[in-house]
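Each chain, written out:
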Amino acid sequence: MAVVTRRAWLATLSLAPIAGGAAAWAEKRRPGRPPQKLSGRERIQRHHLPNVELIAHDGRRVRFYDDLVKDKKVIINFMYANCQGICVPVTANLVRVQKLLGDRVGRDIFIYSITLKPEEDKADDLRHYAEHHGVGPGWLLLTGAPADVDHLRRALGYAYADPAEDADKSNHIGMLRYGVEPLMRWGACPGMGSPQHIVRSILWDLG
Amino acid sequence: MHPLRFRSSKLAEIARKNRLEIVKAGLTRRELFKLGLVTSSGYLVAKRGLSALGGCNPGECQLGCSPPTTPFVDALPIPPVLPQRVLSDPGFQPPPNQQPSGNPNDARTEAHQFRERFPAQKFFITRMRPNAAFKFSEDATNLLRIGPQLIWGFNQGAQATSDVGLFPGPTVVSRYGTPIVIRRFNELVPDSTGFGVPEVSTHLHNFHSAPDSDGGPCDPVFTRFFGTGKFYDYFHSMARAGFDTNQFRATNGDVRETLGTLWYHDHRVDHTAENVYKGLAGFHFIFNDFDTGNEATGFHLPTFPQFDIPLFLADKLFTPEGEICFDPFGFDGLVGDKFTVNGRIQPFFEVQKRRYRFRMLDGGPSRFYQLFLTNPSNPSQSIPFWQIANDGNLLPRPVEITSTRIGVAERMDVIIDFKKIWDRFGHPSRIWLENRLEQLNGRAPTDVILPPGNPANVVLEFRLVGVDNPPDGSLDPEPVSFPHVACSPNDCVFSPICLPLLPSDTAPAPEDRIRLTRSFRFERGNGQWQINGQLMDCTRFRFTVQRNTAERWILRNNSGGWQHPIHIHLEEFRIIRRNDRQIQCGDTEFIRKDVVRLQFNEEVELVMRFRDFRGGYPMHCHNTIHEDHQMMLLWQVQDTGDNLTEP
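One line per chain: the protein sequences are P and C, in this order. Each number in the numbering used here corresponds to the 1-based position in the first sequence with 6 added. Each number in the numbering used here corresponds to the 1-based position in the second sequence with 215 added.
This is chain C alone, in the form it adopts within the complex (with noise of 0.2 Å):
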């Protein structure tokens, strides 16, 4: 569990300086509240610019200058399943063959990595478009103010212009031992909107991918992204990490490194920010003969779709009129003042008195949540649920949890059973899905938690419907739960997906053994990001790392107010310890990841194998406006590592 610190922010301090001040001179609350100045939280909050007196300027893009909407008047949507395309389709001339076809439309210059080992046998098409009448509402009243707009998403495949973009994506699911291709098309345009840049990589974010099909941002040699009217064959082998190692290459990796919930987003290069808020990203579900997506078989996890819901939590800005914004000239990062469940604001979503599996995603581009569940005929009831994953894993064993914290590009997956809330918390009709982490601009967040029960923190709407005992053949994971059962670092409910060997110093195999410890300031000197007092520079790799070692990496937060979180590409890690506490059995961290939160003042200790491919990757911030103000730098695999141990 996290532990959560109720410390004031400096901002919060000031903000209720200023309130005491109001208050003496005579303004009863409920004058400040009809005046707009004070939150439920009792701040009031800063926000610059060039506003005037009490309100917003047009085209104003600020916090707390969207339009108010009513919430949970929309139903959540579910973005469709990318469907699998034959290779007679006409989008696959010229076809998606290992070397790149030579076509001037076809922006791949480099042949897919094992692609002969691992021949495709699955192949999607989809293709970036605009939306141009995309609605964040349906409902009426809402529409009046935030009407449909221009957005740009991923389409079905198809070439008929019916076939829009969608955000989120389709969802592209896949399976372990099913190699697959995606022609992903850019068929985007300059429009008016004010941000968004018609320029493409796709990243599928926790795959273990070559870097002709990782979707990165820049290279030394290679440029990453593609232009409008042209087109990317990406190939992803289906296997598990270590599959050219001398210990799995029989079973085409290691069985331990099973990834689930992973996602797609655009990371052009400098422009991330914008496009993903944009639209481009969508869910990627990997399943296996074991998280089958079928309750009745496996782990017995709840059934995909009908059980097994995407929650893709984006907060977006709009300006006064309704237009969804973007500033193109901040540093700091954006937070939004209205909370998107895949695309609509503050959905609801009809739940059968059993349990689903919700696999939560935030989208960013920079705010951080923590997500309790709330009664709100009783807010103050503590209603627990329960952990199964964390980015891509499935943890050891399941966590009990009354709530959790999630930050850009994580995934939390979790199980809700309804049935127990509406027996043991006296037959709620709603539950809240609430966000009470206060967060006031791009840096980070207060880390003040913010009382239960406010619809304006409300993310989603559970209603539960339907008969009192519906079927549920899906796991219980409460009785086999942390703390219901003591932890153990054997743990493996999820067996055989347990945690692979942990490197170690004096390991006998080479990709088990830490060769090397490395660490990483992340700081920011004259407003420009820097690791170990270097700037991102797309024209060279900092250091090597030898294939099919390990390494130590030491990352630590040298920003002050700021937090920052770090993702690395290639492979998962494993977090040892923040500060001075080590990561243990019974924390939700205690599993591979891909993110970690770099928290104030936080030193990280991270362990991690290099396996497989050869070439270029990135260590990035995912709060995607810091990593487009470039906190990044790239760095490289190949036979012979380098011994930079401050790079």
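Okay, chain P solo, but in the shape it has when bound (with noise of 0.2 Å):
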């Protein structure tokens, strides 16, 4: 058997038909046992909030859902500490929204900027960075094992199709991500938008 490539070989691991996948799709029942049903909040969690280990600017080991987004309001986004491009206005934007949602952040909305760089963002530098910018309680800097920090992007939604244009640090997603967990009630805005306008947007979802 001639050689298979890596690159054919995952496809091979990850790929399905476009219509009609029987194939796929009979792989994963189980003969006489009804199909599994997660509910909407179950299946949200599991594709989207995993409960990966994440270490806080305050030195905290915590779990991504059942410490920061289980049963919360929360706001996310993406940045790194030497980021010398939009995470200075998005963190700026931030900064501001923090202080017109006053002291709700902290008491019922909580605010994670997620390390694009875990491997080079360690809790002090991101704790240097939340000094230098001004964050307050209720909002923590994130960083953690970079091959979990990663899974926790892509199931936030926060990469590229293209591989190439993923692999660009400076181009990073700048939205911002919000929602009420219990609800499962997610929006999103761009994180450079007007503090007016985020805030407004935010609160629409918030309550």
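It cannot be assumed that every hint is accurate.
Stated by the list, open to error - A few chain C residues facing chain P, derived, Cβ under 8 Å: (1) E275; (2) P405; (3) F546; (4) H844.
Keep in mind the hints are simulated off the structure, nothing from the lab. Since we're looking at a predicted model, the values are computed, not measured. All C-beta atoms, glycine included, are put in the ideal place defined by N, C-alpha and C.
Dock chain one against chain two, each of which comes alone in its own frame, and use the hints as you go.
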């Protein structure tokens, strides 16, 4: 048998047909048992809110789903400490958003900024970044094992389909994701938008 | 006719290389089919995410993970017509007056513009409600895989719980000259499906409405959407555009601005895609003294509702367990692997051997279609049909086509003559409406035209039944269609609904004279949609157009490998050119439009008027996932406009 390249092998691992996916579908059916149904909340948790271990800028070890998102109203973005591009205006915006939201941040709304460079950004680097930019209580900067952080990034939709585009960290997705986890209510807006617009959009969803 | 580009996409190219490598490795095509690794088009289809070897995980919402279903086992459902209601109906307490009632459940805070001039004569109620047992198929085998389930919809207006939400919603039928009020109640509640936000704003797509009744997404002052337990009265003058200009005040608007095929849909800012996908949409037809809905009168177009049929196209994804699903974390767009028409998966429709008018709507969220007629017994046949309208507008001359491209929110009215098909194509008992445009993700189609005759690509199966010569009093478009008849810019087969005067730089009337040219670049930076380098802002208008004037807008797609159906509220436009090609008579886009497809690297030139109403409107991408990620801007019409050329 001829050699199969890695690309083709990956293709066989992860590909399914566009329509009438009977073969792929049949693989997962266990004969004689009704299909397992997940609630929407379970589905979102399983596919988009993985319970990976992360390290916060204050040194705490936390689980993403259990400790940070479950039963909470949250605002999420991605950044990295030595980012010279959009992280600066987005962080500045989020600081203004935090001020506009007042004491709700840390009480019933939580902000999470997750690093795109977990191999570089240790908790200390993130702590310096937080102090430098005026990050207040209720807002955590997060790092972790690179594979976990990358898994989380993809699950939250912060990956480009084109691998070359995705590898360019300076072009990273600047959207804010916000949601009410128990209500399965998730929205997004551009992180570089006006703070007034961002707060209005967020409060429409978080209430 | 649309130029078809048969070039391969990059993805298709990669897929082809993969396939060659697998073939080299010794797996046969048949084995690959068995493994589900190759599609009918021969491409391996990328599927991102958490999938395990050859299968889909529980709850996975990905192309290729929906359960298999048998096509053509469900009859095409036809949505009911929304019944008119008397003002004594208990649903009209408090009454739907021009001023908002002040009742705490009345979500409206603005008076209806121009209602004193156009007193409402017909009243409707509809309630947005869950439907706990909606069936995407009624076939017993299909039901085992995709069972009855919760969706949202619009009901027929009654309070009784048996009047459930329907998808598509009831068809609203109105008539020029008879102003209407539709009271829409929000009776939706949060549920466990994982998508849908129970706050709503219902846009009557294509109608010339004031901001108070347009059902827009957001506004610097007004909150356009409303929550559970509230209602909103939408007033539509049923007057044509131009009714408040000197030229057309006496005639209540320009008859040439007549609209026919419209639709209504939710427009809740940031959540439109999931709410429409969950079922909050339906048709709105407007008849008039010429397009009467009766083939014995007027233009003699096929009679509504027997031979004038709405087709609401919507592609859906289901989990492997058979539940409709929506990825609220996807930025690119959503393409489904189940085609539905009027809410059923790949239904059939029994037709007599005569002419029908089909009003096809691409209900989104992201897919573009290229629709052909295929004889399954002889797929190589090229079967003509006649396009008579584009968006809400009758064409100046019917155009004979063998396929038509349709993007999200666009509508195409076509005449299919099953008698001619029966006579000319060997007495086929079945004809397929087949989508042959390949699209693998929500960003854009590949522009690959797939080979004909694949049941997986069929949207709807027509079954020719009955006698060979049934009565047919409808217009035969063939003898008056292009290219059987040479076209001219002055064509007007459906007189007096002819093309309005094209605005120009030198026209005498201010509403016909182009006051300004504005340019809009649609771009993406750091995964955020931008227009002219700026982001969406619900707290301000980007520019102000002067009321009762015309402008030229240049729209440019600078977003690389993406396509965008761009929709502009308030009034329609004419597409003057795509890139360097002028839109000419005989093109199906040689007509007024409210959605323009901005295809790969295209620049389009539009001219449009801004008449009658004052207030704010959006321009946005109608790939509703792009829209919800704020590929949009707000602008307004006031008595004095600004001169911003790149706002």
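*asked:* Is the interface hint satisfied for H844/C? The criterion is a beta-carbon contact with chain P at less than 8 Å.
replied: Holds. Min distance 6 Å.
*For the hint on F546/C, does the least C-beta distance to chain P fall short of 8 Å?*
Hint on F546/C: holds, closest Cβ of chain P at ~6 Å, below 8 Å.
_Less than 8 Å between beta-carbons is the criterion; does E275/C satisfy it with respect to chain P?_
7 Å, holds
*asked:* Less than 8 Å between beta-carbons is the criterion; does P405/C satisfy it with respect to chain P?
replied: Because about 6 Å separates P405/C from the closest Cβ in chain P, which is inside the 8 Å limit, the hint holds.
When held up to the earlier numbered hints, the structure conflicts with none and fits them all.
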